[in-house]
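Colleague: Residue strings, one per chain:
Number of protein chains: 2
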Amino acid sequence: MATVLNFENHSVIDGDWFREVNLDWDGYSICLQVEEVLFHEKSQYQDILVFKSKSYGNVLVLNGIIQCTERDEFTYQEMITHIPMNLHPNPQRVLVVGGGDGGVVREILKYDSVKEVVLCEIDQMVIDVCRKHLPRMAGSLDDPRVNIQVGDGVEYVRNHPGAFDIVITDAPDPEGAAEALFQKNFYQDLKSALKSRRHCQLSRCVCATTFTHIPFILDMATQCKEVFPRVGYATGNTPTYATGILGYLLASSIPDIDFTKPIRRLSDEDLKRMDLKYYNSDIHTASFVLPNYARDALKHVIDT
Amino acid sequence: MATVLNFENHSVIDGDWFREVNLDWDGYSICLQVEEVLFHEKSQYQDILVFKSKSYGNVLVLNGIIQCTERDEFTYQEMITHIPMNLHPNPQRVLVVGGGDGGVVREILKYDSVKEVVLCEIDQMVIDVCRKHLPRMAGSLDDPRVNIQVGDGVEYVRNHPGAFDIVITDAPDPEGAAEALFQKNFYQDLKSALKSRRHCQLSRCVCATTFTHIPFILDMATQCKEVFPRVGYATGNTPTYATGILGYLLASSIPDIDFTKPIRRLSDEDLKRMDLKYYNSDIHTASFVLPNYARDALKHVIDT
Numbered sequence: 180m181a182t183v184l185n186f187e188n189h190s191v192i193d194g195d196w197f198r199e200v201n202l203d204w205d206g207y208s209i210c211l212q213v214e215e216v217l218f219h220e221k222s223q224y225q226d227i228l229v230f231k232s233k234s235y236g237n238v239l240v241l242n243g244i245i246q247c248t249e250r251d252e253f254t255y256q257e258m259i260t261h262i263p264m265n266l267h268p269n270p271q272r273v274l275v276v277g278g279g280d281g282g283v284v285r286e287i288l289k290y291d292s293v294k295e296v297v298l299c300e301i302d303q304m305v306i307d308v309c310r311k312h313l314p315r316m317a318g319s320l321d322d323p324r325v326n327i328q329v330g331d332g333v334e335y336v337r338n339h340p341g342a343f344d345i346v347i348t349d350a351p352d353p354e355g356a357a358e359a360l361f362q363k364n365f366y367q368d369l370k371s372a373l374k375s376r377r378h379c380q381l382s383r384c385v386c387a388t389t390f391t392h393i394p395f396i397l398d399m400a401t402q403c404k405e406v407f408p409r410v411g412y413a414t415g416n417t418p419t420y421a422t423g424i425l426g427y428l429l430a431s432s433i434p435d436i437d438f439t440k441p442i443r444r445l446s447d448e449d450l451k452r453m454d455l456k457y458y459n460s461d462i463h464t465a466s467f468v469l470p471n472y473a474r475d476a477l478k479h480v481i482d483t
Numbered sequence: 180m181a182t183v184l185n186f187e188n189h190s191v192i193d194g195d196w197f198r199e200v201n202l203d204w205d206g207y208s209i210c211l212q213v214e215e216v217l218f219h220e221k222s223q224y225q226d227i228l229v230f231k232s233k234s235y236g237n238v239l240v241l242n243g244i245i246q247c248t249e250r251d252e253f254t255y256q257e258m259i260t261h262i263p264m265n266l267h268p269n270p271q272r273v274l275v276v277g278g279g280d281g282g283v284v285r286e287i288l289k290y291d292s293v294k295e296v297v298l299c300e301i302d303q304m305v306i307d308v309c310r311k312h313l314p315r316m317a318g319s320l321d322d323p324r325v326n327i328q329v330g331d332g333v334e335y336v337r338n339h340p341g342a343f344d345i346v347i348t349d350a351p352d353p354e355g356a357a358e359a360l361f362q363k364n365f366y367q368d369l370k371s372a373l374k375s376r377r378h379c380q381l382s383r384c385v386c387a388t389t390f391t392h393i394p395f396i397l398d399m400a401t402q403c404k405e406v407f408p409r410v411g412y413a414t415g416n417t418p419t420y421a422t423g424i425l426g427y428l429l430a431s432s433i434p435d436i437d438f439t440k441p442i443r444r445l446s447d448e449d450l451k452r453m454d455l456k457y458y459n460s461d462i463h464t465a466s467f468v469l470p471n472y473a474r475d476a477l478k479h480v481i482d483t
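These protein sequence lines map, in sequence, to chains A and B. The opening position of the first sequence corresponds to residue 180 in our numbering, with each subsequent residue numbered one higher. The opening position of the second sequence corresponds to residue 180 in our numbering, with each subsequent residue numbered one higher.
It is possible that part of the hints are untrue.
[Unchecked claim] Below, simulated DSSO-like cross-link-like pairs (lysine-lysine); rule was C-alpha separation at most 27 Å, straight line:
hint, chain 1, residue 1, chain 2, residue 2
1, B, Lys221, B, Lys289
2, B, Lys451, A, Lys478
3, B, Lys456, A, Lys478
Rather than coming from a laboratory, the hints here were simulated on the basis of the structure.
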């Protein structure tokens, strides 16, 4: 390739390298070498790119920002899912807001207790593209326990009070369509959407990292804390996200929940049967331990 | 800037972006935006570049590979130093092999028990350049407790049996001058260089990450384990290293040492007085917890 393809956020494919330029990470970017562009179109909501990379498998890029690669997607799909799942004794109905790639759904389906997973993704094109180019993730969407709702997650949540044991928000950064997913009203609706029992959790992926976005995380956690009595923050390593680390915000209606202690410890046999490559019960606990710079900044809001 | 500057390992400055291309991380690279090249010369041993970046402060690059940035250097300088320091009840004499930037020395000097730090760096030019352009690290080299030896670390270690409480190897990847620092003979000499008491540790930074270099880490840990009865492996987040994570190999002559439990817990007051921004006693323990893919691969060699 000799052409330069320009994407949102100033990301480019120049020669055979994709360079992610995200103004949120000023002066820093990750590059992946491109073997072939498999798909590039603008949907009603966003710019969708899928390319085959030289060493990270197929890569999904939304609005110029890497969402997942086949090689390291397991790191965050497992963390965003198995932390809340193992804080609940009997998760039966789980809602995923966003997450049209199907990776989170795949992880949720590994629990026999699960009777229904609702995936509420706003963009049909993301689902279609992932079914074609990221089948190891989107293959999960064919499971009979999965109920796909193409539509606005904010509205869906508002219209389903008391319906879910766990809600996982797997959405991109707060711009465009996803902006409403980061507002206090949404947290209030989420709280209502959770069953009115003691065991309900919310988990969300936070692309903003402690290293670069403490004020953003603090603001998000503060809004969440105004609605939920307990809020936790964990981190894990995902190589193709800026700074190599992703954050996970947890919230619960249970006033004395200890997010750091899974109520179900997975045995080595469980890990093998569930094909878990990242999450284990020790990682669960360790992921809540933060370096001083983050711990000190978040200590008044975070309960972990 | 419009020129393209080419460095070892195919790294380049193209326009105003430095792109690290390291064949060890095939198809992946980190870019930092450049404001000004402050220094670029070939020493007797390596290609040395320092540039002022847009958002990570001054950056030291050896043979095309980012060694440290002013913004995130604390993450690894603290981890490589304070883990072994807090496994020793009374560290008095510490050897640093490599580490000419002075960052590790700065961290070691934070302990009142320390009487002497020997820095054995092969490349005088690295020391000179860091004194000028990375003074927050290299300023430590003026401390009267510091003894700078410009020379071959392998030889220095061989010639100083029984001299040190702790040895920290802070060297680049095993190529060129640093190759001998990754061979079994070196581990044997290191073991001899440690005092013949019960409390002696070796700590080394491992740029190869679990995500990409399991065979390399396994080989290194195996060689180390043939010499030392106990070997441990910890990780920590450093944004400007490939994949965002760095590994730390620990070794000890103490057959029943538990690397995961610091024998000295630092209070909040200690952390403040020592200006620690990353390391704390909980991070110490948590850093030894590995994701399944790494834990399973290393479990027969690693004692943590």
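Colleague: Now look at each hint and say whether the structure bears it out.
Modeller: Hint by hint, here is what the structure shows:
Annotation: proposed proximity of Lys221 of chain B to Lys289 of chain B is violated, straight-line Cα distance about 33 Å (limit 27 Å). Restraint check for Lys451 of chain B and Lys478 of chain A: satisfied, since their Cα atoms lie roughly 15 Å apart, inside the 27 Å limit. Restraint check: the Cα-Cα separation between Lys456 of chain B and Lys478 of chain A comes to about 14 Å, which is no more than 27 Å; the hinted pair holds.
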